[in-house]
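Enquirer: Chain by chain, the residues run as shown.
2 protein chains.
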Amino acid sequence: MITLQQCEQWDQADELAAFKAKFDLPPNTIYLDGNSLGAMPRHAMERAQEVISQEWRTDLINSWNKAGWWTLPVRLGDQMSPLIGAGPGETIVSDSTSINLFKVLAAAVNLQKERHPEKKVILAERDSFPTDLYIIEGFNAFFGKDYRLELFDDPADLQTAVNENTAVVVLSHVNYRTGYLHDMQATNRLVHEHNGLLIWDLCHSVGALPIELNSSDSDFAIGCTYKYLNAGPGAPALLWVNPKLMNQISQPLSGWWGHKHPFAMSPSYEAAPGIERFLCGTQPIVSLSLVACGVDVFLQTDLQAVRRKSLALTDLFITLVEQECAEFGLRLVTPRDHHFRGSHVSFAHEQGYAAIQALIARGVIGDYREPEVMRFGVTPLYLSFVDIWQAVQHIKAVFANREWDKPAYKTRSKVT
Amino acid sequence: MITLQQCEQWDQADELAAFKAKFDLPPNTIYLDGNSLGAMPRHAMERAQEVISQEWRTDLINSWNKAGWWTLPVRLGDQMSPLIGAGPGETIVSDSTSINLFKVLAAAVNLQKERHPEKKVILAERDSFPTDLYIIEGFNAFFGKDYRLELFDDPADLQTAVNENTAVVVLSHVNYRTGYLHDMQATNRLVHEHNGLLIWDLCHSVGALPIELNSSDSDFAIGCTYKYLNAGPGAPALLWVNPKLMNQISQPLSGWWGHKHPFAMSPSYEAAPGIERFLCGTQPIVSLSLVACGVDVFLQTDLQAVRRKSLALTDLFITLVEQECAEFGLRLVTPRDHHFRGSHVSFAHEQGYAAIQALIARGVIGDYREPEVMRFGVTPLYLSFVDIWQAVQHIKAVFANREWDKPAYKTRSKVT
Numbered sequence: 001m002i003t004l005q006q007c008e009q010w011d012q013a014d015e016l017a018a019f020k021a022k023f024d025l026p027p028n029t030i031y032l033d034g035n036s037l038g039a040m041p042r043h044a045m046e047r048a049q050e051v052i053s054q055e056w057r058t059d060l061i062n063s064w065n066k067a068g069w070w071t072l073p074v075r076l077g078d079q080m081s082p083l084i085g086a087g088p089g090e091t092i093v094s095d096s097t098s099i100n101l102f103k104v105l106a107a108a109v110n111l112q113k114e115r116h117p118e119k120k121v122i123l124a125e126r127d128s129f130p131t132d133l134y135i136i137e138g139f140n141a142f143f144g145k146d147y148r149l150e151l152f153d154d155p156a157d158l159q160t161a162v163n164e165n166t167a168v169v170v171l172s173h174v175n176y177r178t179g180y181l182h183d184m185q186a187t188n189r190l191v192h193e194h195n196g197l198l199i200w201d202l203c204h205s206v207g208a209l210p211i212e213l214n215s216s217d218s219d220f221a222i223g224c225t226y227k228y229l230n231a232g233p234g235a236p237a238l239l240w241v242n243p244k245l246m247n248q249i250s251q252p253l254s255g256w257w258g259h260k261h262p263f264a265m266s267p268s269y270e271a272a273p274g275i276e277r278f279l280c281g282t283q284p285i286v287s288l289s290l291v292a293c294g295v296d297v298f299l300q301t302d303l304q305a306v307r308r309k310s311l312a313l314t315d316l317f318i319t320l321v322e323q324e325c326a327e328f329g330l331r332l333v334t335p336r337d338h339h340f341r342g343s344h345v346s347f348a349h350e351q352g353y354a355a356i357q358a359l360i361a362r363g364v365i366g367d368y369r370e371p372e373v374m375r376f377g378v379t380p381l382y383l384s385f386v387d388i389w390q391a392v393q394h395i396k397a398v399f400a401n402r403e404w405d406k407p408a409y410k411t412r413s414k415v416t
Numbered sequence: 001m002i003t004l005q006q007c008e009q010w011d012q013a014d015e016l017a018a019f020k021a022k023f024d025l026p027p028n029t030i031y032l033d034g035n036s037l038g039a040m041p042r043h044a045m046e047r048a049q050e051v052i053s054q055e056w057r058t059d060l061i062n063s064w065n066k067a068g069w070w071t072l073p074v075r076l077g078d079q080m081s082p083l084i085g086a087g088p089g090e091t092i093v094s095d096s097t098s099i100n101l102f103k104v105l106a107a108a109v110n111l112q113k114e115r116h117p118e119k120k121v122i123l124a125e126r127d128s129f130p131t132d133l134y135i136i137e138g139f140n141a142f143f144g145k146d147y148r149l150e151l152f153d154d155p156a157d158l159q160t161a162v163n164e165n166t167a168v169v170v171l172s173h174v175n176y177r178t179g180y181l182h183d184m185q186a187t188n189r190l191v192h193e194h195n196g197l198l199i200w201d202l203c204h205s206v207g208a209l210p211i212e213l214n215s216s217d218s219d220f221a222i223g224c225t226y227k228y229l230n231a232g233p234g235a236p237a238l239l240w241v242n243p244k245l246m247n248q249i250s251q252p253l254s255g256w257w258g259h260k261h262p263f264a265m266s267p268s269y270e271a272a273p274g275i276e277r278f279l280c281g282t283q284p285i286v287s288l289s290l291v292a293c294g295v296d297v298f299l300q301t302d303l304q305a306v307r308r309k310s311l312a313l314t315d316l317f318i319t320l321v322e323q324e325c326a327e328f329g330l331r332l333v334t335p336r337d338h339h340f341r342g343s344h345v346s347f348a349h350e351q352g353y354a355a356i357q358a359l360i361a362r363g364v365i366g367d368y369r370e371p372e373v374m375r376f377g378v379t380p381l382y383l384s385f386v387d388i389w390q391a392v393q394h395i396k397a398v399f400a401n402r403e404w405d406k407p408a409y410k411t412r413s414k415v416t
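Note that the protein sequences, when read in sequence, are chains A and B.
Per the UniProt record's numbering, the very first residue in the first sequence carries number 1; after that it's consecutive.
Per the UniProt record's numbering, the very first residue in the second sequence carries number 1; after that it's consecutive.
There's no promise every hint is true.
What the hints assert, rightly or not - Quick list of the computed label-pair ranges, beta carbon to beta carbon:
{"no.": "1", "chain 1": "A", "residue 1": "Gly-329", "chain 2": "B", "residue 2": "Arg-115", "range": "52 to 62 Å"}
{"no.": "2", "chain 1": "A", "residue 1": "Gly-68", "chain 2": "B", "residue 2": "Arg-126", "range": "53 to 63 Å"}
{"no.": "3", "chain 1": "A", "residue 1": "Glu-350", "chain 2": "B", "residue 2": "His-261", "range": "18 to 28 Å"}
{"no.": "4", "chain 1": "B", "residue 1": "Pro-88", "chain 2": "A", "residue 2": "Ala-264", "range": "37 to 47 Å"}
{"no.": "5", "chain 1": "B", "residue 1": "Lys-113", "chain 2": "A", "residue 2": "Asn-247", "range": "55 to 65 Å"}
{"no.": "6", "chain 1": "A", "residue 1": "Lys-260", "chain 2": "B", "residue 2": "Lys-410", "range": "17 to 27 Å"}
{"no.": "7", "chain 1": "A", "residue 1": "Glu-150", "chain 2": "B", "residue 2": "His-192", "range": "40 to 50 Å"}
{"no.": "8", "chain 1": "A", "residue 1": "Glu-150", "chain 2": "B", "residue 2": "Pro-117", "range": "29 to 39 Å"}
{"no.": "9", "chain 1": "A", "residue 1": "Arg-331", "chain 2": "B", "residue 2": "Pro-117", "range": "33 to 43 Å"}
{"no.": "10", "chain 1": "A", "residue 1": "Ala-264", "chain 2": "B", "residue 2": "Lys-145", "range": "39 to 49 Å"}
{"no.": "11", "chain 1": "B", "residue 1": "Ser-268", "chain 2": "A", "residue 2": "Pro-243", "range": "30 to 40 Å"}
{"no.": "12", "chain 1": "A", "residue 1": "Arg-331", "chain 2": "B", "residue 2": "Arg-115", "range": "33 to 43 Å"}
{"no.": "13", "chain 1": "A", "residue 1": "Asp-146", "chain 2": "B", "residue 2": "Glu-114", "range": "14 to 24 Å"}
{"no.": "14", "chain 1": "B", "residue 1": "Lys-113", "chain 2": "A", "residue 2": "Leu-245", "range": "53 to 63 Å"}
Claimed, not checked - With a straight-line Cα cutoff of 30 Å, these simulated DSS-like cross-link-like pairs (lysine-lysine) come out:
{"no.": "15", "chain 1": "B", "residue 1": "Lys-120", "chain 2": "A", "residue 2": "Lys-113"}
{"no.": "16", "chain 1": "B", "residue 1": "Lys-260", "chain 2": "A", "residue 2": "Lys-66"}
{"no.": "17", "chain 1": "A", "residue 1": "Lys-260", "chain 2": "B", "residue 2": "Lys-396"}
{"no.": "18", "chain 1": "B", "residue 1": "Lys-20", "chain 2": "A", "residue 2": "Lys-120"}
{"no.": "19", "chain 1": "A", "residue 1": "Lys-260", "chain 2": "A", "residue 2": "Lys-244"}
{"no.": "20", "chain 1": "A", "residue 1": "Lys-66", "chain 2": "A", "residue 2": "Lys-22"}
{"no.": "21", "chain 1": "A", "residue 1": "Lys-396", "chain 2": "A", "residue 2": "Lys-20"}
{"no.": "22", "chain 1": "A", "residue 1": "Lys-406", "chain 2": "B", "residue 2": "Lys-410"}
{"no.": "23", "chain 1": "B", "residue 1": "Lys-120", "chain 2": "B", "residue 2": "Lys-20"}
{"no.": "24", "chain 1": "B", "residue 1": "Lys-244", "chain 2": "A", "residue 2": "Lys-120"}
{"no.": "25", "chain 1": "B", "residue 1": "Lys-260", "chain 2": "B", "residue 2": "Lys-113"}
{"no.": "26", "chain 1": "B", "residue 1": "Lys-113", "chain 2": "A", "residue 2": "Lys-113"}
{"no.": "27", "chain 1": "A", "residue 1": "Lys-113", "chain 2": "A", "residue 2": "Lys-244"}
{"no.": "28", "chain 1": "B", "residue 1": "Lys-410", "chain 2": "A", "residue 2": "Lys-410"}
{"no.": "29", "chain 1": "B", "residue 1": "Lys-66", "chain 2": "B", "residue 2": "Lys-113"}
{"no.": "30", "chain 1": "A", "residue 1": "Lys-260", "chain 2": "B", "residue 2": "Lys-260"}
{"no.": "31", "chain 1": "B", "residue 1": "Lys-120", "chain 2": "B", "residue 2": "Lys-145"}
{"no.": "32", "chain 1": "A", "residue 1": "Lys-145", "chain 2": "A", "residue 2": "Lys-113"}
{"no.": "33", "chain 1": "A", "residue 1": "Lys-113", "chain 2": "B", "residue 2": "Lys-145"}
{"no.": "34", "chain 1": "B", "residue 1": "Lys-145", "chain 2": "A", "residue 2": "Lys-244"}
{"no.": "35", "chain 1": "B", "residue 1": "Lys-244", "chain 2": "B", "residue 2": "Lys-260"}
{"no.": "36", "chain 1": "B", "residue 1": "Lys-145", "chain 2": "B", "residue 2": "Lys-66"}
{"no.": "37", "chain 1": "A", "residue 1": "Lys-113", "chain 2": "A", "residue 2": "Lys-260"}
{"no.": "38", "chain 1": "A", "residue 1": "Lys-66", "chain 2": "B", "residue 2": "Lys-113"}
{"no.": "39", "chain 1": "B", "residue 1": "Lys-260", "chain 2": "A", "residue 2": "Lys-406"}
{"no.": "40", "chain 1": "B", "residue 1": "Lys-410", "chain 2": "A", "residue 2": "Lys-120"}
For the record, the hints were derived by calculation from the structure and aren't laboratory data.
This structure is a prediction, so every number in the text was calculated from the model and none was measured.
Glycine is no exception: its CB is placed at the ideal position from the N, C-alpha and C atoms.
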C-alpha cells in the first residue's frame, strides 16, 4: 500500500523539486495537461514585455538586426539542440508542426524518388495524431498521386509493416493517446534496413525524455514546443534534419527566409546551404521569442533526472489508480514497460469524457481523447508525488460519487 | 513653394490627427517604415499581458474554449473584413503570407487543372516581392512540373502578358519597391476574360487604402498584418477566398485545423465547409491575439479618409523632395498618378543605401531595397504633414552635407 506519507517522503527526496518554483502555476489546480499546453515559465511575461515594449515599440525595424529577430529560428534551434541530441545548425523553430511535417515529407519523398523510385508507400500508424495523417493525405492528393498512405494498427505491427515498398515512415515518438514510446534507435535501424526514410514526430516526447536524434541515426524530426517545452500557446514548432542529408534535399515551401541571399531580392530561388532552407516566411516574433523561456528551464536540468522522475510519477499514477480505484473499471491504455512508456498515462472508461469534466470542476486538469480515453500528462518539472496522490484521490471521488453523471458533463461542446 | 507653416495648417485641419495618440511611437523618431513593420498600438501591451497572464498562465487549456483561441483565425478574419471588402466567413488570419500563397496557389492551379487543363502558365511580375516568386518556383519544382512561371517586366505589360495560356496570375496589389498600385477591378476583368484566376498579394495595400475584394470580383487574396495593420512583428497573415469558389477548391496543407470535425480525431481528412479549410496547424496565439489591436484602430477610421490623407502626404513628400532636393539627383520611382500609387514613396539614388543609414542616424527611419531604392512608407494614422516636412529637411541635409559618405554607412551588414 502506497500512502500519502510515502509520497511526501518522495517529494522531500526529489532532486527536481526546486524547478516547480520556475513556473507560474494557477492556484488550486493539479495540472495534468502539460502535454497539451505547458505551464508558463515565470520569466515569460518579462520577456514578452521586453519584446513588445523595447524590440517592437522602441526599436521597430532595427530589431531585425539589433534583437536578432532574423536569426531567431536558428538560434532557438541551437538552444534546444541538447534536448534532442542535435548538433549546431541542424534545427530550426518555425511555423507549425503540421507545416514542418509537410516540408520534411516533401523533402523525404523527393529524395526517395531519386534513390528508390520504385518505393511508393508512405507508412504511418493509424493512431497517429490525425494532423500527421491529414498532411500525408494532402501531400499525396496534390503531389504524390502515385504514392499511397498505408496505416498499421498496433506498434507491434511496425516490424512487418515496413517492407521493400516503404519509401517514408511518419511516426510519433510517443503516441498522443496511449503514451506508447517507440524505440528510436531500433526503429531507425528497421526502416533503414529497408532503405526507407523516417520522420519522427516528437510532439509528445521532446522535453519529456532524453532524445538522441544524431546518435540514433535519425533522418528527420518535427515537433511542438508548446507542450512539455512550455513555450506558450501555439508557439512555433521545431524541425530537425540529419546533417548528412541536408545538401541532398529541398522542400517546396521555399519562401524568402530559406533563400541563400534573402536581401539580394533576386527573382530566383537559391536554397540556403544549411537548415535555413527549411525556413519559409516571416515568423511571429512575440510567440517565437517566448520559446526561449521554456527551453531555458530545461537547460538547467539533467534530462536523465527528468526521465527518472517521469517514470516514477507515471508508475505511481498507475499503481495508485489500481490501488484506490480498482472497482471503477478504468482500463490502463499506457504501456507498463518503461521502455515503451512516454510521460503521460491514459485510462479508458466509457464515462471518460464526463469524468474528465468532473475532474476539471475539482481543479484536476486532464483531458479527453476519443474514444473513451482519459489522458493525464505528467510533467516532472512542476508536478510532485503528492500532486499525483491527490489527483488519484479526486479520480476516486469522481467515480465513487458518480460525479460524472451530470448532463452538463456529457455534452461534448468543448474543443479540447 | 510649400512652407513649414503650410504643413502646420494642414495638420490643424487633419481629420485623422487624433489617431496618432492611439500609437505608442518611439521618441525623436520620424517613422517612415510602417510599410515594413507597423508601429505599436497603445493597447497592445495590455492585450499581451491579458493573453499571457490570464489566458495562458491561469486558464491554460481552458482558453481554447473560454478565450476562443480555436476560433481566433476566423474571428480576426471577420474583424478585418471591412478593410478588404469581404463578407463574413471569407477570411482567416493564420500562418505566414508565403505559406498562405502556397495554399491558394495550389488551390487555384488545381481548379484550373479541372477547368482549363491546357493552361500551363503562372504569370507574375518580375519585380514582385521575391518570396511570391520563390513560392511559385517551389510549387512548380515539386508539384507543377508541367507548369511554368512567366515574368513580365513592367506593369504596363500586364495587358499583353495575360493570354490563353495563363492559368493563374500572382500580383502584388501595391508593389513593395516602387509603390505602383494595380487597378483591382480592371485587372480582375482582364484575367477573367482570359479564363485565368488571380491571386492578390495585399501586403503593401491592406490598411493603406480601401480594398474591395468582393465587388471587384477577386478570386483569392493573401497579405501581411504586420505592416499597415500594425499587428506586431511577424504576426500571422490574412487569406481570403471568393465565396463562390470556396466549395470547388481544396489545398494541400490540410492540417487538423482545417478539418470538418477536428476533435473527432478521424484518421481521414474531410475539409471544413468554409474558409476554415485553409487553416492548417495550431497558431501562435500570443502573436495572433495582437492582430486585433491594430485592426481595432482601423475600424474607427473612414478608409476613404485614410486614402485621402495618404495621397496628400505622398503628394507632399514628392513635391517637397523636388522643391528642396532638386540638385541631388534623387529619381522618383513611385507613380505620380494617384490611380497607380500606393502609400509609400521611393526614390532611386546611387548612394541610396548609405543615405538611408545616414537618415536612420538622424532618427528618420526609412529603408532600402535593391537596387538603389530609398523607400519611405507613409502611414496616415500616425504621420503628420509636419513629419513629412521634417523628413525631407533631413534628406536635404544628408545629401547637402554628404552625410552618406561614411564607410560605416556603406557596409551592407544589415538584414533589412
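Enquirer: The structure should be examined with respect to each hint, and the outcome stated for every one.
Expert: Here is how each hint holds up against the structure:
Range check, Gly-329 of chain A to Arg-115 of chain B: about 56 Å between beta-carbon atoms, so the 52 to 62 Å window is met. Look at Gly-68 of chain A against Arg-126 of chain B: about 32 Å separates their beta carbons, and that is not inside 53 to 63 Å. Against the hinted window of 18 to 28 Å, the Cβ-Cβ separation of Glu-350 of chain A and His-261 of chain B comes to about 21 Å, which satisfies the hint. Checked against the hint of 37 to 47 Å, the C-beta distance between Pro-88 of chain B and Ala-264 of chain A comes to roughly 41 Å, which is consistent with it.
Between Lys-113 of chain B and Asn-247 of chain A, the C-beta spacing of about 33 Å breaks the proposed range 55 to 65 Å. Between Lys-260 of chain A and Lys-410 of chain B the CB atoms are about 23 Å apart, so this pair conforms to the stated range of 17 to 27 Å. At about 42 Å, the beta-carbon gap between Glu-150 of chain A and His-192 of chain B stays in the expected band of 40 to 50 Å. Between Glu-150 of chain A and Pro-117 of chain B, the C-beta spacing of about 30 Å keeps the proposed range 29 to 39 Å intact.
Checked against the given bound of 33 to 43 Å, the beta carbons of Arg-331 of chain A and Pro-117 of chain B, roughly 53 Å apart, lie outside it. Between Ala-264 of chain A and Lys-145 of chain B the beta carbon distance is about 26 Å. The supplied range of 39 to 49 Å is therefore violated. The beta-carbon spacing between Ser-268 of chain B and Pro-243 of chain A, approximately 35 Å, falls within the hinted interval of 30 to 40 Å. Checked against the hint of 33 to 43 Å, the pair Arg-331 of chain A and Arg-115 of chain B fails, with Cβ atoms roughly 52 Å apart.
Evaluation of the 14 to 24 Å hint for Asp-146 of chain A and Glu-114 of chain B yields a pass: the beta carbon distance comes to about 19 Å. Separated by about 32 Å at the C-beta atoms, Lys-113 of chain B and Leu-245 of chain A break the suggested range of 53 to 63 Å. At roughly 24 Å between alpha-carbon atoms, Lys-120 of chain B and Lys-113 of chain A fall within 30 Å of each other, so this suggested pair holds. Only pairs whose Cα atoms come within 30 Å are accepted, and Lys-260 of chain B paired with Lys-66 of chain A is rejected, the gap being roughly 43 Å.
With a C-alpha separation of about 36 Å, the suggested pairing of Lys-260 of chain A with Lys-396 of chain B is violated against the 30 Å cut-off. Pair hint Lys-20 of chain B plus Lys-120 of chain A does not hold up; C-alpha atoms about 59 Å apart against a cutoff of 30 Å. Taken as a hint, the Lys-260 of chain A and Lys-244 of chain A pair is honoured in the structure, with Cα atoms around 19 Å apart against an allowance of 30 Å. The suggested pairing of Lys-66 of chain A with Lys-22 of chain A holds, with an alpha-carbon distance near 28 Å, which does not exceed 30 Å.
Taking the CA atoms of Lys-396 of chain A and Lys-20 of chain A, the gap is near 26 Å; set against the 30 Å cutoff, the hint holds. For the proposed pair Lys-406 of chain A and Lys-410 of chain B, the alpha carbon gap of about 72 Å is over 30 Å, so the pair is violated. Between Lys-120 of chain B and Lys-20 of chain B the CA atoms are separated by roughly 48 Å; this puts the pair beyond 30 Å, and the hint is violated. With a C-alpha separation of about 36 Å, the suggested pairing of Lys-244 of chain B with Lys-120 of chain A is violated against the 30 Å cut-off.
A distance of roughly 25 Å separates the Cα atoms of Lys-260 of chain B and Lys-113 of chain B; the hinted pair therefore holds under the 30 Å criterion. Restraint check for Lys-113 of chain B and Lys-113 of chain A: satisfied, since their Cα atoms lie roughly 24 Å apart, inside the 30 Å limit. At most 30 Å may separate the alpha-carbon atoms for a hinted pair to count; Lys-113 of chain A and Lys-244 of chain A meet this at roughly 18 Å. A threshold of 30 Å between alpha carbons decides the hint, and for Lys-410 of chain B with Lys-410 of chain A the separation of about 67 Å lies outside it, so the pair is violated.
A threshold of 30 Å between alpha carbons decides the hint, and for Lys-66 of chain B with Lys-113 of chain B the separation of about 43 Å lies outside it, so the pair is violated. Between Lys-260 of chain A and Lys-260 of chain B the CA atoms are separated by roughly 39 Å; this puts the pair beyond 30 Å, and the hint is violated. Of the pairs offered as hints, the one joining Lys-120 of chain B and Lys-145 of chain B holds, with about 10 Å between alpha carbons and a cut-off of 30 Å not exceeded. The straight-line distance between the Cα atoms of Lys-145 of chain A and Lys-113 of chain A is roughly 13 Å, inside the 30 Å bound, and the hint therefore holds.
For the proposed pair Lys-113 of chain A and Lys-145 of chain B, the alpha carbon gap of about 14 Å is at most 30 Å, so the pair holds. Restraint check for Lys-145 of chain B and Lys-244 of chain A: the C-alpha separation of about 27 Å stays at or below 30 Å, so the hint holds. Between Lys-244 of chain B and Lys-260 of chain B, the direct Cα distance comes to roughly 19 Å. Compliance with the 30 Å bound is thereby established for this hinted pair. For the given pair, Lys-145 of chain B sits about 46 Å from Lys-66 of chain B by alpha-carbon distance, which is inconsistent with the 30 Å threshold.
Distance hint between Lys-113 of chain A and Lys-260 of chain A is fulfilled; the C-alpha atoms sit about 25 Å from each other, no more than 30 Å. At most 30 Å may separate the alpha-carbon atoms for a hinted pair to count; Lys-66 of chain A and Lys-113 of chain B exceed this at roughly 47 Å. The hinted pair formed by Lys-260 of chain B and Lys-406 of chain A meets the criterion: a straight-line CA distance of about 28 Å does not exceed 30 Å. Between the alpha carbons of Lys-410 of chain B and Lys-120 of chain A the distance comes to roughly 53 Å, so the proposed pair goes past 30 Å and is violated.
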